[in-house]
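Chains A and B, in that order, are what the protein sequence lines are.
The first sequence begins at 1 in the numbering used here and counts up by one.
The second sequence begins at 1 in the numbering used here and counts up by one.
A portion of the hints provided could be inaccurate.
Restricting the straight-line Cα-Cα distance to at most 30 Å, the calculated cross-link-like pairs of lysine-lysine (DSS-like) are [to be verified]:
hint, chain 1, residue 1, chain 2, residue 2
1, A, K243, A, K253
2, B, K273, B, K250
3, A, K363, A, K24
4, A, K24, B, K192
5, B, K201, A, K24
6, A, K271, B, K201
7, A, K271, B, K250
8, A, K53, B, K201
9, A, K363, A, K53
10, A, K24, A, K271
11, A, K281, A, K271
12, A, K271, A, K53
Beyond 12 Å from chain B on every Cβ pair, some chain A residues (computed) [unchecked claim]:
hint, residue
13, R20
14, Q22
15, G67
16, G114
17, D188
18, R196
19, D205
20, D257
21, G283
22, P313
23, A318
24, S329
Simulated coverage check for chain A against chain B, where a stretch passes if three residues somewhere in it have a Cβ under 8 Å from a Cβ of chain B [claimed, not checked]:
hint, segment
25, 25-33
26, 221-230
These are computed hints drawn from the structure, not numbers from a lab.
Ideal Cβ positions, reconstructed from N, Cα and C, are used throughout, including at glycine.
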Amino acid sequence: MEGLGPLGFTPDSLAQESLRFQAKLRAGLDTLHQVHDIDYGATAREEVWRDGKVVLYRFRGNTLPNGRAPTARVPLLIVYALVNRPYMVDLQDDKSIVRGLLERGEDVYVLDWGYPDRSDRYLELEDYIQRYIGGAVDHLRHEYRMDGVNVLGICQGGAFSLCFTALNPHKVRNLITMVTPVDFHTSDNMLGNWTRGLDVDLFVDTLGNVPADVMNWCYLTLKPWRLFVQKYVGMVDVLDDPKALEDFLRMEKWIFDSPDQAGEAFRQFVKQFYQGNGFLKGGIEIGGRTVDLRNIEVPILNIYAEQDHLVPPASSRALDGLTGSDDYSELSFRGGHIGIYVSSRAQREVPQAIHDWLAQRAK
Amino acid sequence: MQGVDDFEAWNRRYWNAWGDALRATQPAGAATMPGWTDAMDWWSRFARGGLPQGDEAVSRFNAQAQGWFGQMQQLAAQFAGRPANAGDIASAWRQALGGDGANPFAQVFANMPGSTQTDPSKMFEAFAPWLQSMQRDGRSWLSLPAFGFAREHQERWQHLAQAQVDLQEQGQAYQALLAEAGQDAFSRFERKLEARSAPGKQLDTVRALFDLWIDAAEEAYADIALSPRFRDAYAALVNAQMTLRGRMQKEVEQLGSQFGMPTRTEVDSAHRKIVELEREQRRLRDAIEALMRQSSRMQASSAPEVPPAVAPKKAAPKPAATKKPAAKATTKSTRPASKPKPGRTR
């Protein structure tokens with residue numbers, strides 16, 4: 001087709017492509033009705049602590065096919081973001097960071113924030129950081145009879161974990177931050193750009209809790225064509241593959257399973273982090289106490305994703321040099337904000353890297 | 001499954017006819033896909049009925065993806081097997097989406113799953129009957145100076161009307177930026193097509209052409225969305241939405257209170273008190289626990305070191321000094337950690 005410009009297809013190849021598209025749609029009429037299980041959660045877990053709607057789960061590695069009891073003596077607490085649900089770290093058998101950690105002998109706990117309702121509107125960052133994370137950490141310290149535990153903070157949960165560690169340095173033994181925003185004003189941070197001029201007082205005073213619909217709309221509009229047009233054309237590709245369709249629908253379920261955001265905590269987070277860029281400029285106060293990252297002297301592993309459109313790498317990497325730790329490492333992951341949990345590369349690389357890093361610091 | 005069989009038969013005829021039309025020698029623009037939307041609507045209808053998540057995904061496909069992909073198929077059909085340069089194709093795409101006034105971003109945003117809290121146009125849809133009625137009834141006095149016994153009501157309604165006007169203005173400013181992104185996307189699309197004109201780089205499928213447009217559109221959008229202009233317009237739009245919404249809520253509260261209904265403000269007030277009481281209760285509990293621990297430690301340390309057999313029957317009096325540290329402990333806002341026991345190491 002040389003000399004025909006940029007289009008290399010013929011009427012015949014176009015017709016063939018259309019027939020393939022049609023065949024996929026036809027297959028979808030069956031597979032969409034055959035998929036019955038898109039439940040999430042690959043690993044057995046048990047509730048070990050609760051404060052209101054917030055629950056701490058322990059995941060059981062010995063229930064896995066090649067399962068075993070934890071060999072790590074220090075528990076690893078995973079702190080997820082308030083947006084979306086934490087089951088992303090244990091989505092399904094072959095997409096589970098939790099499972100990968102358990103298989104390597106880690107003793108894994110996940111803090112589940114639950115779904116805030118109207119009565120939670122006045123929960124503040126102090127509640128989330130000192131009361132809930134603090135409560136879970138104290139529970140583990142008590143159960144394991146040790147001063148500090150290992151903490152893995154993810155995304156906004158990473159920012160919370162940094163605050164918690166700065167405020168309670170003796171309670172954390174090793175800190176891992178994953179796709180965690182630190183500098184909220186990098187030039188490639190779209191959310192940071194949009195929130196900077198927002199009258200967040202008016203926003204929260206009007207809405208109360210921030211509805212999940214608003215959060216979802218905001219995230220979809222970060223990449224409107226990819227996330228709301230291209231993705232669903234891509235769905236047609238997997239309509240004849242029940243397993244792939246099941247995976248697609250499970251991911252859809254997670255994406256749109258967003259809790260409302262407690263109004264006061266949202267107000268404080270936007271003001272102090274997105275607008276004030278407090279990790280860099282100072283001024284973050286949690287429950288009347290100033291957060292100073294230089295108080296963090298424990299080893300830090302900072303994992304970021306190279307193609308992260310929500311938390312750009314530069315935003316995460318800004319942590320380097322801000323803390324008082326003399327044992328700071330970075331891990332660059334080739335993928336995006338979601339791929340770092342669910343891609344096959346992530347399953348191979350992320351749990352192993354975390355396990356190795358912790359093991360080196362356990363000696 | 002009679003319906004599915006009917007769909008299959010109809011669909012087969014439709015696709016075969018379209019394939020035949022494509023294979024036949026057609027003048028430019030003659031190969032079209034009549035009934036594409038109907039076909040997709042029909043497919044969506046039969047595809048539903050499984051899991052709710054499946055139905056939702058089908059709805060999202062039908063809301064946007066099928067329409068855009070159908071249009072791209074039509075574009076491809078116009079040029080299949082014919083010499084065409086990047087400019088011709090990009091121009092035809094622009095025409096298909098509305099010509100010089102095309103605003104593809106507005107179309108995408110309008111069909112996103114939104115609610116009255118996000119999309120300005122949907123806010124208007126939801127509130128329109130009420131606002132229109134108020135405007136119709138109040139047009140004569142909305143612009144008059146407020147006075148008399150109804151002065152406060154009139155002022156409130158004037159503010160509400162002004163908020164509506166503000167939102168319309170901010171919505172237009174935001175749409176103008178989206179339109180700008182759209183025009184930039186067409187230019188980028190043409191440049192990307194140009195880059196694919198070299199031998200060996202040509203696009204072999206409609207899907208590849210579609211993906212190229214997506215790349216162009218996302219790049220154009222990112223450029224605008226990361227700009228200070230967009231930051232200002234976005235903030236102004238959201239602030240205007242919240243202002244109007246807040247004033248609407250006030251009106252509803254006003255109405256509710258007239259009938260003795262509990263209002264949101266009252267419910268919020270109760271929730272605030274509960275959270276504050278809970279917080280205070282936790283602090284007191286923590287302080288009491290700290291006191292008790294401290295007291296236990298002091299009792300243990302002050303116990304006389306004598307053999308049990310000669311120990312006094314009465315407990316040793318507590319030293320007066322215990323009060324001082326206890327007072328300090330009450331100022332702590334978080335629960336002090338229990339004394340760590342010898343810890344296991346990893």
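Do the hints match the structure? See the list:
For the given pair, K243/A sits about 15 Å from K253/A by alpha-carbon distance, which is consistent with the 30 Å threshold. Simply put, K273/B and K250/B have alpha-carbon atoms about 22 Å apart, close enough for the 30 Å limit, and the pair holds. The straight-line distance between the Cα atoms of K363/A and K24/A is roughly 54 Å, outside the 30 Å bound, and the hint therefore fails. Taken as a hint, the K24/A and K192/B pair is honoured in the structure, with Cα atoms around 29 Å apart against an allowance of 30 Å.
Taking the CA atoms of K201/B and K24/A, the gap is about 27 Å. The hint holds against a cut of 30 Å. Annotation: proposed proximity of K271/A to K201/B is violated, straight-line Cα distance about 48 Å (limit 30 Å). The hinted pair formed by K271/A and K250/B meets the criterion: a straight-line CA distance of about 25 Å does not exceed 30 Å. At most 30 Å may separate the alpha-carbon atoms for a hinted pair to count; K53/A and K201/B exceed this at roughly 55 Å.
Proximity of K363/A to K53/A is assessed by CA-CA distance (about 37 Å); at most 30 Å being required, the pair is judged violated. Between K24/A and K271/A the alpha-carbon distance is near 48 Å, which puts this suggested pair outside the 30 Å criterion. For a cut-off of 30 Å, the pair hint linking K281/A to K271/A stands: about 12 Å separates their Cα positions. Simply put, K271/A and K53/A have alpha-carbon atoms about 25 Å apart, close enough for the 30 Å limit, and the pair holds.
Listed as a non-interface residue, R20/A fails to keep its Cβ farther than 12 Å from every Cβ of chain B; the least gap is roughly 10 Å. Chain B draws Q22/A into its interface by the beta-carbon criterion, the shortest separation being 5 Å against a cut-off of 12 Å. Distance check for G67/A against chain B: the nearest CB is about 20 Å away, which clears 12 Å, and the non-interface claim stands. Non-interface status of G114/A relative to chain B is upheld: no Cβ of that chain comes within 12 Å, the nearest being about 16 Å off.
At roughly 7 Å, the least C-beta separation between D188/A and chain B is not larger than 12 Å, which violates its mark as non-interface. The beta carbon of R196/A sits about 6 Å from the closest Cβ of chain B, which is not more than 12 Å, so the claim that it is off the interface is violated. Not every CB of chain B is more than 12 Å from the CB of D205/A (nearest about 7 Å), against its label as outside the interface. A cut-off of 12 Å between C-beta atoms contradicts the statement that D257/A is not in contact with chain B; the least separation is 10 Å.
Every C-beta of chain B lies more than 12 Å from that of G283/A, the closest at about 19 Å, which supports listing it as non-interface. At roughly 15 Å from the closest C-beta of chain B, the C-beta of P313/A stays outside 12 Å, upholding its exclusion from the interface. Look at A318/A: its CB is around 18 Å from the nearest CB on chain B, clear of 12 Å, so calling it non-interface holds up. Even its closest Cβ contact with chain B, about 18 Å, leaves S329/A beyond 12 Å, as expected for a residue assigned away from the interface.
For the segment 25-33 of chain A, the stated coverage by chain B holds: 6 residues have a C-beta nearer than 8 Å to a C-beta of that chain, and at least 3 were required. Coverage of the segment 221-230 of chain A by chain B holds. Counting CB-CB distances below 8 Å, 9 residues qualify, and the rule asks for three or more.
Violated hints, in rising order: 3, 6, 8, 9, 10, 13, 14, 17, 18, 19, 20; the structure is consistent with all others.
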